[in-house]
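Below are the chains, spelled out letter by letter.
Number of protein chains: 2
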Amino acid sequence: MNKEEALPLINNLLLTADAAYLTTIDSEGFPQTRAMLNLKNKNTYPELTGFFNRIDNFTIYFTTNTSSQKVEHIKNNPRISVYYCKPDEWRGVMLNGEISLVNDQKIKEAVWQENWNMYYPKGVTDPDYAVLKLKPRLIKLYHQLNFFKLEL
Amino acid sequence: MNKEEALPLINNLLLTADAAYLTTIDSEGFPQTRAMLNLKNKNTYPELTGFFNRIDNFTIYFTTNTSSQKVEHIKNNPRISVYYCKPDEWRGVMLNGEISLVNDQKIKEAVWQENWNMYYPKGVTDPDYAVLKLKPRLIKLYHQLNFFKLEL
Chain A
1 MNKEEALPLI NNLLLTADAA YLTTIDSEGF PQTRAMLNLK NKNTYPELTG FFNRIDNFTI
61 YFTTNTSSQK VEHIKNNPRI SVYYCKPDEW RGVMLNGEIS LVNDQKIKEA VWQENWNMYY
121 PKGVTDPDYA VLKLKPRLIK LYHQLNFFKL EL
Chain B
1 MNKEEALPLI NNLLLTADAA YLTTIDSEGF PQTRAMLNLK NKNTYPELTG FFNRIDNFTI
61 YFTTNTSSQK VEHIKNNPRI SVYYCKPDEW RGVMLNGEIS LVNDQKIKEA VWQENWNMYY
121 PKGVTDPDYA VLKLKPRLIK LYHQLNFFKL EL
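Chains as they are written, first to last, in my numbering: chain A, 1 to 152; chain B, 1 to 152.
Just so you know, not all the hints are guaranteed correct.
Stated by the list, open to error - Restricting the straight-line Cα-Cα distance to at most 25 Å, the calculated cross-link-like pairs of lysine-lysine (BS3-like) are:
1) A:Lys149 with B:Lys75
2) A:Lys149 with A:Lys3
3) B:Lys133 with B:Lys75
4) B:Lys42 with A:Lys86
The set of hints was computed from the structure by calculation and includes no laboratory data.
Work out the full structure, taking the sequences as your base and the hints as a guide.
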């Protein structure tokens with residue numbers, strides 16, 4: 001599969017997958033995976049479409065609690081992978097690289113959702129509200145029996 | 001959530017999830033995730049139910065090509081995680097530990113499926129047919145707003 005065919009397929013899966021599976025590496029060197037909100041999903045977060053349209057297609061943002069174990073893992077080792085999948089359609093996209101904590105309050109406000117007070121009671125300035133950013137170094141697409149790899 | 005509540009929920013997800021997401025660590029220390037066949041799925045692999053009933057609930061087997069990159073990763077670093085998820089039901093199970101290549105031909109035969117000649121043309125003795133085994137060291141269950149952790 002060539003790049004022209006692969007890029008729209010990668011983009012489509014990122015915009016439609018139910019969840020993003022984030023893997024961090026724990027203090028003992030073992031991977032740990034968990035589901036995250038897929039903020040790029042157009043149906044679940046239509047109000048974020050504008051934000052994601054203004055940045056490049058493969059920069060990924062996550063929101064989580066600063067106090068969570070995954071943030072502890074990332075501070076110790078920023079190397080992560082994220083995986084998007086539609087198993088019934090044999091489609092998957094893997095991206096990996098070093099993830100970083102976002103301190104820019106404008107970005108934290110841009111991705112904030114109204115009902116997130118249930119996770120972060122103090123709102124968008126809650127110190128427990130963390131935003132994570134990945135600019136991937138490697139992308140792999142699995143599309144039925146096709147495969148494509150992009151090193152960035 | 002206590003162990004008595006958690007164990008059946010973990011077991012149920014392993015027996016019904018569409019896929020298993022396996023994360024290895026590559027030679028540069030970055031995680032890489034991909035979907036694998038969930039051989040424990042009762043609907044997809046009913047003929048393997050007997051095999052899995054004879055072993056403990058949390059030992060996981062995967063089949064793959066010996067020549068695949070994931071096997072290369074594992075030979076270099078056996079620390080992996082596997083994740084099972086039903087994102088629409090907010091259910092996930094993460095297991096991690098050291099994975100190993102199975103050399104026991106009886107086990108390789110026990111998990112072999114008739115139509116796998118398309119992956120391994122030489123059949124069950126094809127040197128490219130690999131079986132991987134995980135006895136987890138850590139299990140984490142995410143069940144709606146509940147969480148349970150088991151160290152083994």
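Checklist entry - Which numbered hints does this structure break? => result The structure breaks none of the hints.
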